[in-house]
Every structure is written in C-alpha cells, then in structure tokens.
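Asks: As a plain string of letters, each chain reads:
Protein chains: 6
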Amino acid sequence: MSFTHFDDKGAAHMVDVSAKEVTARVAVARGAVTMAPETLAMIVDGRAKKGDVLAVARLAGIMASKKTHDLIPLCHPLALSKVAVELSVAQGRVEIEATVKTTGQTGVEMEALTAVSVAALTVYDMVKAVDKGMQITDIRLVLKDGGKSGRYEAE
Amino acid sequence: MSFTHFDDKGAAHMVDVSAKEVTARVAVARGAVTMAPETLAMIVDGRAKKGDVLAVARLAGIMASKKTHDLIPLCHPLALSKVAVELSVAQGRVEIEATVKTTGQTGVEMEALTAVSVAALTVYDMVKAVDKGMQITDIRLVLKDGGKSGRYEAE
Amino acid sequence: MSFTHFDDKGAAHMVDVSAKEVTARVAVARGAVTMAPETLAMIVDGRAKKGDVLAVARLAGIMASKKTHDLIPLCHPLALSKVAVELSVAQGRVEIEATVKTTGQTGVEMEALTAVSVAALTVYDMVKAVDKGMQITDIRLVLKDGGKSGRYEAE
Amino acid sequence: MSFTHFDDKGAAHMVDVSAKEVTARVAVARGAVTMAPETLAMIVDGRAKKGDVLAVARLAGIMASKKTHDLIPLCHPLALSKVAVELSVAQGRVEIEATVKTTGQTGVEMEALTAVSVAALTVYDMVKAVDKGMQITDIRLVLKDGGKSGRYEAE
Amino acid sequence: MSFTHFDDKGAAHMVDVSAKEVTARVAVARGAVTMAPETLAMIVDGRAKKGDVLAVARLAGIMASKKTHDLIPLCHPLALSKVAVELSVAQGRVEIEATVKTTGQTGVEMEALTAVSVAALTVYDMVKAVDKGMQITDIRLVLKDGGKSGRYEAE
Amino acid sequence: MSFTHFDDKGAAHMVDVSAKEVTARVAVARGAVTMAPETLAMIVDGRAKKGDVLAVARLAGIMASKKTHDLIPLCHPLALSKVAVELSVAQGRVEIEATVKTTGQTGVEMEALTAVSVAALTVYDMVKAVDKGMQITDIRLVLKDGGKSGRYEAE
Chain A
0 MSFTHFDDKG
10 AAHMVDVSAK
20 EVTARVAVAR
30 GAVTMAPETL
40 AMIVDGRAKK
50 GDVLAVARLA
60 GIMASKKTHD
70 LIPLCHPLAL
80 SKVAVELSVA
90 QGRVEIEATV
100 KTTGQTGVEM
110 EALTAVSVAA
120 LTVYDMVKAV
130 DKGMQITDIR
140 LVLKDGGKSG
150 RYEAE
Chain B
0 MSFTHFDDKG
10 AAHMVDVSAK
20 EVTARVAVAR
30 GAVTMAPETL
40 AMIVDGRAKK
50 GDVLAVARLA
60 GIMASKKTHD
70 LIPLCHPLAL
80 SKVAVELSVA
90 QGRVEIEATV
100 KTTGQTGVEM
110 EALTAVSVAA
120 LTVYDMVKAV
130 DKGMQITDIR
140 LVLKDGGKSG
150 RYEAE
Chain C
0 MSFTHFDDKG
10 AAHMVDVSAK
20 EVTARVAVAR
30 GAVTMAPETL
40 AMIVDGRAKK
50 GDVLAVARLA
60 GIMASKKTHD
70 LIPLCHPLAL
80 SKVAVELSVA
90 QGRVEIEATV
100 KTTGQTGVEM
110 EALTAVSVAA
120 LTVYDMVKAV
130 DKGMQITDIR
140 LVLKDGGKSG
150 RYEAE
Chain D
0 MSFTHFDDKG
10 AAHMVDVSAK
20 EVTARVAVAR
30 GAVTMAPETL
40 AMIVDGRAKK
50 GDVLAVARLA
60 GIMASKKTHD
70 LIPLCHPLAL
80 SKVAVELSVA
90 QGRVEIEATV
100 KTTGQTGVEM
110 EALTAVSVAA
120 LTVYDMVKAV
130 DKGMQITDIR
140 LVLKDGGKSG
150 RYEAE
Chain E
0 MSFTHFDDKG
10 AAHMVDVSAK
20 EVTARVAVAR
30 GAVTMAPETL
40 AMIVDGRAKK
50 GDVLAVARLA
60 GIMASKKTHD
70 LIPLCHPLAL
80 SKVAVELSVA
90 QGRVEIEATV
100 KTTGQTGVEM
110 EALTAVSVAA
120 LTVYDMVKAV
130 DKGMQITDIR
140 LVLKDGGKSG
150 RYEAE
Chain F
0 MSFTHFDDKG
10 AAHMVDVSAK
20 EVTARVAVAR
30 GAVTMAPETL
40 AMIVDGRAKK
50 GDVLAVARLA
60 GIMASKKTHD
70 LIPLCHPLAL
80 SKVAVELSVA
90 QGRVEIEATV
100 KTTGQTGVEM
110 EALTAVSVAA
120 LTVYDMVKAV
130 DKGMQITDIR
140 LVLKDGGKSG
150 RYEAE
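Chains as they are written, first to last, in numbering that gives the first Met the number 0: chain A, 0 to 154; chain B, 0 to 154; chain C, 0 to 154; chain D, 0 to 154; chain E, 0 to 154; chain F, 0 to 154.
Bound conformation, chain A alone (with noise of 0.2 Å):
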C-alpha cells in the first residue's frame, strides 16, 4: 500500500481526479480550544455583553475554508456550496464543528478540517493576551459523505 499524493518515483502530485464522478459530498470536522477557566469565563462573558469572540472565529473559519487550495500544496481547488462553524462553551473548553459541501470530484474534509483549524487559531488569538497556556485539540473528521469510498462516520 503506499500514498496516493506520491507517484510511482516518490515524487508529490495532485492526483488526477478528472475520471471521478461529480457527486454531492459533504464532511464534518470538529475541534476544541482548551482554556483557564477564568479565560473560558470572560469568552462568555464577553459574548452575552460585548465583544463577541466566537462570532470573529466563526467568520475567520468559513473564510479559511474557501483558502484550503491556497494553504495544503496537494489540495485540488473546489466549489464550495455550504460552509457552517458552530462555536459553543461545552466541557469547560470551547469548542468548535465545521460542515462543509460540495457537488464535485472530491471530498470536502480538508476544508472541513482547516475551516475548524483556523477558527481555533483565531480563538487563540483573541485572546492570548490573557491566557498563554491555551491549546488547540483533538481536531479530527467525525463524518464524510458522497464519493466511491462511502459513508465514513467516527462518533
């Protein structure tokens, strides 16, 4: 078995999907942001008065996921035809879900991936002037759908 972003010489490529079928597809990622408590608190907090960070991540992710092409070399650009990023506080963390279609070639995961991604980078960002010990976590595909290889579901 080997790698298909490889060729026959070891060399990277963007595989040739030009004889797949154009079909609906969809994927579904999720991630989390962990936090200080307090941190997790003023987010919250924030959110019901002023200064809603959530409402910034969630715009930073549906905009990276129509970058995906530009940011992972192997990517084939795509047309996206939904994008949603739900944030919510659960679990004492924040966390993060991306669904992502297309009718196309091609899955749609990395965009789902990377739409979660950058909204968690975003998170971080606004607020690592009071919390520098944030992680990012657990970032993975938990649905994907359309496509020869099936229904693929990991929650």
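Simulated from the structure, these hints should not be mistaken for laboratory data.
Watch out, some of these pointers could steer you wrong.
Heads up, the list lumps identical chains together, so a pair's fine if it works in one copy or across two of them.
[To be verified] With a straight-line cut-off of 30 Å between C-alpha atoms, the simulated DSBU-like cross-links for lysine-lysine are:
id, residue 1, residue 2
1, K81, K131
2, K8, K131
3, K81, K66
4, K8, K147
5, K131, K19
6, K147, K131
7, K81, K147
8, K19, K81
9, K8, K19
10, K8, K81
Add chains B, C, D, E and F to chain A, keeping to what the hints say.
Replies: Chains B, C, D, E and F alone, transformed into the frame defined by chain A:
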C-alpha cells in the same frame, strides 16, 4: 480585565501597535498528529525511500506562516525574518515544531501556531486515504520572547 | 422575514446552495467617481496621449471580481465565465459598468459590484495626488438574470 | 502637471518611495449604504437580537484593508499598525468609517478607502435578498496626516 | 485578425466562454534552468543526500498552477483536476515539465506554463547564492488537447 | 559549500536574516518572449491603435512582484518601495525588463525575476489564440546592488 481585540463598545478591531517599540521577537509553537501505528510506519518508510510526507508538510507550514495575517482577522501583517518548521516521528506520532522571528512592533505567536496547524493539516491530507482516524492535537505556544511582556516559556 | 446569511440562532454562515439549479447567470453593476473638472480633464488628456488611468482601473476591476469570495466573507467561490468592465467619462465624472457571467448555483451580483468598487478605488489611487476631494458614489446593481428569483432590472 | 503613477513615456509604474521618510501616518475614510427604511429596520433589529450584519461587515472591512496592495495595482505593500472600522445606523442609512495607521514611507488612504468599500459590499451581500435597490455611496477621504504633503481634512 | 482578449474598442476583457462546451482538457508545458556545471552538480548531490532543490520546486510549481487566474489578468478561474510537475537533470540543465487537466469551458495552457515558470523561479531562488548567472529558458507549450480547437502538439 | 535554503539535516527553511543590516537594495531582471513575425506585428499594430498587450502585461508583472513571497516557498515577505516593468519590441521579440527596490534585510532578485516571468506569461496568454509556438526565454538577473554581497552586474 477585557480582551484587547475589542474596543470599549465591543467592536472587534486591529489593535493599534504604532506606539510599541520595534524589537527582535521570536516564537516557538508545537503540535502533533496522532495516527495508527501502521500509518506512522508508512510515513517513516516513505521518508527513507520515496514520498516524503514530512518534507511536503514542512514547506506547507513555512508558506502558511507568511499568510497568517490573511487568515486570522485581527493579526497585523509582519515582515518575517525567519521561519523554520521541523517534523519528526516521536512518541508514536508526528511531532511538529515551528520557530518564527521578526523585528517589529508585535509578536509572532500566531505565525508559529499557524505554521504548526497547516503542517499538521498537510500531513492529514497526504495520509487520509489510508487513515481517517488521525487527530491533530496539542497545538500550543512553547516560547515567546521580545517585546514589552517579556519572555514566556511553557515547557 | 429574516436575512438568509444567518441561521436561526443568529450565526453567520455561507448559505447552502447545493440544491439550487445550475443555470446561466448574469449581473451588471454601475458606479461613478466624481472629481474636479480639471482632474477629469487630465484623465481624458492622459488617455489620448500617455498614462491611461481608465485602462489600469479596468484591469484592476476585472482581477478583483475573481477575488470576490476572498473579500466578502459569505460569498461562494464561483467559476466566472465572463468579466467586462467599461469606464467612460460622462456627466462630468468617471462612469463605471461591470458585467459578469457564470454558469452555477448562485448569482454574480457581488462579483459585478466588487469589480466596479475596485475599478473606482484604482481611479482614486492614480489621481489622488492631484485631487483629494474625489468621491466614489452610486454603486448599485442594474441588472440580474438567471436563477430562481428571475430577472431584476433597475434602470 | 501629470499623474505620478505614470513615467514620462506614459507607462504605469509603482512610484519609487525609497527616498521618502519613514513617518507615522494615519488616514480616515467614510462612506454609506442607502436602502429602504424597512431593510434598515431589519439590520437594527437583527443587531439587537441575532444576526449582526454590521459586525460581519466590520471584520470584512478590516481584513480587506490588509489586501489593499493586492487589489490596487500600483499600491505599495505596507505593514499596517492599526485598522478600525465603525458601522452605525444614522441619517436613514448605514454609515461606515475606517481609520488606518502605519509607520512607513507612503500613506494609507487607499487602505482606509478599501476598508470602507469592502465593508459596504459586505452589508450589500448580506441584505441583498430582501433589497436589491441599495446603493453604496459617498466614499471619500476625510482625514490624512503624516508624510511630506501634510494634514488634509475634508469635513 | 485580432486578439480575443480585447473588445472592438480595444478594451481588455475576460473572454465570454459561457457558450463553450464543458470538455476534458489537458495541457503540457516545458522549460529549463541553465547554470554552471558545478551548480548542477550540487543539485544532483543534494538530491541524493540532503536538501532536495527539485522537490521544493515541484511543490511550488503545483501550488502556483492553482494561482494562475490570480496572476494572469484575463485568465478564467478553473477547477483543476490534476497537476503534476516533473523536474530532472538532463542535457546539462534542470528540465521542467508540467501536466495540467481540467473538465471545463476553457483550456489549461496558462496553468501548465505558470507551473513551469514558478518551479523554475524556485530553483533559481534556492541556488542563487552560489550562481547568479543562471537563466530560465525555453518555456513553451508542448501539448494541448480538448476543446474546439483540437489537439496541438509541438514536439 | 552548500545551499543556504537547507539546514544541516537537509530540511528546507526560510533563512534567518534578522541579523542582516537594513540597506537600500535594487535588482534588475530581463527576459523575452519569442514569436512569429506576424504575431509580433499584431502586437505593434494593436499598441498603436487598440488592444495594448504590453500595457496589460506590464501591470500583471508589477502586481506579481508583490506576490513573490506567496509564490516562492522560501522567499521573505518584503515591503517593496518601487516596481517598474518595461516591455518593448526589439530584435524580433518582446523584451521585458523589471526594476525592483526595497529597503530591507534581504535582496529583491526574486521580485524582479517574478515580475518578468508573469509579464511574459501574460503576453503569452493574450496572444496564444493566434500563435501557440511562442517561447518565454532568457530570463536572468542583470543587476543587483545593496546588501553585504555587493554589486553584481551581468551585462
């Protein structure tokens, strides 16, 4: 106490750093990608022979650090003077470390964290056909120096 | 009634267009840059001889329309099939009109409006050393066709 | 008199600023989006409850100011030290004001004007499903300071 | 006869391809970097041991092909379905070949030529400290197929 | 001797220039596009009347020089203080020359070479419908000054 990225009406803004001193700054961030042992073995194997996943991810991380201000809404654009990204196989996972330097009015934590995140996403992308259960995890700042707030060391 | 770019919790998202039909779509937008008569005379003069402000602005508008999804947070990326930007001196000001076409699941109003806006900004940039009192004004949609909502014509 | 953005043969070029002094510079630009009173009421209403159009537009304006040199062909790339965009409902329309600072060899008028323009386009995008007759208007420079040409104040 | 990228008034525009058929298209471009024999020997040597110039250039070429429409003013944005870039040492120089595929309404010659050009520039960048006399040369289209104008083969 | 863009383990990195002096730097690069005499005649003809290929290519070259660090993986981002691109018809081909200046810690050779390359690609794009046998050739550095390594002049 409140977040610096919001003004007193709660509106997000890019903080005014024009009165801050121009100083030499450095930041180091770390993170990891966890995966099945067989997947990790394929990466190690490919590295020795052909298809170097880690070399591709290293470049993606370096290039992404230059796009940080384009990804994180309230980050200042900065002229980076050094970016290095190291990937290694250790403790049963791929470990990533990024070091970024600038001479400027604001720090480079986000540039280092972005380099780690995109290097991790690139590892994921190249390996996802054989292992969908990978996780990107433990992304954190380990060192920051230069600027008024002084040295921060996490590990 | 509510805005389509927010979900029912008020979170911004990129609308799901995956169920919409792929149809031929067109949009036309217009706008203008007002300025002192002597400034306008310089543009006309330069055009005839050397230093064609309007030709530079036209290209800037065309190139910007391709970046629309990168500028407007909730815009879908689209494969544009035609972009034309016309600039002319009329009614004592620079008049700008952009026409954009696509075959896709969503309209191209924002691409046409972005082309007009950036062409106007480019006129401003090239002329600002001689006239700081210019104004960019009257940017609006004049035609939209294709898609479920049918034809819209403003003028 | 002639435009600085063309050489003596009429060829467009990015002006040589290497001999100009590095000074603190600021620019303020303003503009507006006009719309039907009911549309404006929806924006005000959404702001209070859910779906904050103006917060999304503010972020889009800030992010766009960092892309100015990528949009306007002959603009110099600049390290911005502050960007703030304010949106408010006044005089029956959405009013936008952007303030940009840098310490550099050239001014930031275009960055402020670009922030206003893209914030206005984003308002348009989010509201266009309910009101196609909106207009983006009165985009102009209101303040510029720093640099050899001195202070300019329009209002 | 006239150039298709200008309208009948001589204004540049992005050609309307909306009436063209969606077909499978491919393009192959080639080019080379000439340099001193000792420089070439260093590349070959580094490749075997450490510091693979050609692997870095290959990735840069692939990534650049995805930016073609952002670089070439009148190029249409396209969803590329395959990009491969091969670099080899032959005839006393570095030879580069790029192959690009799409299924769309317009060809991918520019994407293949851009991949070759940026791969060549990257070779230059990595080696320039030891050899400033390098030249990038012989960049040309060698194959184009798909679309109305039929097959073109140069070599 | 070894390449500066690799560390001692052979990993690519962006070289640390933080200890280098900030000095005024300039670079000049040249290149050409060869084509059939009739194609060249069309360019000359269009220039005089309508459809100025060289003016479009000039702008594309200027804009591309600002993207150099985004295209070449290990290039440092730089604040360019001047970019000029000249295109002329000479010796039976289109000749291109780019001049770039900065005040910074590293040189601008790559910015000048990128401007020439993208200007050449743009000429190719605009003319390719009438001549597929064009070649982009002889791209090289002709002058570099400023910085520790001193003046380099090739021609």
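Asks: Mind listing which of the numbered hints don't hold for this structure, in increasing order?
Replies: Structure breaks no hint.
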